[in-house]
Amino acid sequence: MLEIKMVAFDHQYSELIRQVRDDVFIKEQCIDPEIEFDGLDDQAAHVLVVEDGVALGTGRILSDGHIGRIAIIKAARGRGLGAKVVSTLVEFAKQQGYPEVDLGAQTHAIDFYRKLGFLPVGDEFMEANIPHQAMVQKF
Numbered sequence: 001m002l003e004i005k006m007v008a009f010d011h012q013y014s015e016l017i018r019q020v021r022d023d024v025f026i027k028e029q030c031i032d033p034e035i036e037f038d039g040l041d042d043q044a045a046h047v048l049v050v051e052d053g054v055a056l057g058t059g060r061i062l063s064d065g066h067i068g069r070i071a072i073i074k075a076a077r078g079r080g081l082g083a084k085v086v087s088t089l090v091e092f093a094k095q096q097g098y099p100e101v102d103l104g105a106q107t108h109a110i111d112f113y114r115k116l117g118f119l120p121v122g123d124e125f126m127e128a129n130i131p132h133q134a135m136v137q138k139f
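Taking UniProt numbering, the leading residue of the sequence shown gets 1, the next gets one more, and so forth.
Since the hints were made in silico from the structure, they are not lab data.
Please note that the accuracy of each hint is not assured.
[Said to hold, decoys possible] For lysine-lysine, the following PhoX-like pairs were computed, each having C-alpha atoms within a straight-line distance of at most 25 Å:
1. Lys115 <-> Lys74
2. Lys138 <-> Lys5
3. Lys94 <-> Lys138
4. Lys5 <-> Lys94
5. Lys27 <-> Lys74
6. Lys115 <-> Lys5
7. Lys74 <-> Lys84
8. Lys138 <-> Lys115
9. Lys115 <-> Lys94
10. Lys5 <-> Lys84
Turn these sequences into a full structure, and let the hints guide you.
Set out below in C-alpha cells:
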C-alpha cells in the first residue's frame with residue numbers, strides 16, 4: 001500500500017528520509033553529504049512516500065516556506081510521486097498560512113515545477129555544482 005504522509009525528522013522516520021536522499025543526491029548526483037545534510041532537517045516538516053515498508057520518496061519545507069530536497073528513488077520514477085510530494089508540501093504550506101512557497105529547481109526540472117504552479121524568478125544559479133533556477137508559487 002502506498003502512503004504519502006507528513007512526518008518529522010525523528011527516530012521513526014529520519015533513517016528512511018536519509019536513505020532516499022543518499023540514493024538520489026549523494027550516489028546518483030554526487031552531491032557532497034555535508035551539503036545534502038545541512039543541519040536544517042530537524043527544523044523542517046517532511047513528506048515521506050512509503051510503499052510496503054520501502055521508502056520511495058521525500059521532500060521538505062522549512063519554516064520560511066522554502067521547499068527542497070525533493071527526491072524519488074530511481075526505481076519509483078514515472079509514477080507521479082514527485083508531483084504528489086510537491087503538492088503535499090504546498091498544501092501543508094497553505095494550511096500553515098504561508099503566503100507563498102519557493103524552491104531552487106535543478107534546471108532540468110523547471111517544466112515539472114511549472115506544471116505544479118511555480119514560476120521562475122531571478123537568474124539561474126549554481127548549487128552543489130548543479131545549475132538551478134529559483135521558483136515561487138504565491139497563494
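Going through the hints against the structure:
no. : hint              : in the structure
1   : Lys115 <-> Lys74  : holds, 21 Å
2   : Lys138 <-> Lys5   : holds, 23 Å
3   : Lys94 <-> Lys138  : holds, 10 Å
4   : Lys5 <-> Lys94    : holds, 16 Å
5   : Lys27 <-> Lys74   : holds, 11 Å
6   : Lys115 <-> Lys5   : holds, 22 Å
7   : Lys74 <-> Lys84   : holds, 16 Å
8   : Lys138 <-> Lys115 : holds, 14 Å
9   : Lys115 <-> Lys94  : holds, 18 Å
10  : Lys5 <-> Lys84    : holds, 10 Å
When each numbered hint is compared with the structure, no violation occurs for any of them.
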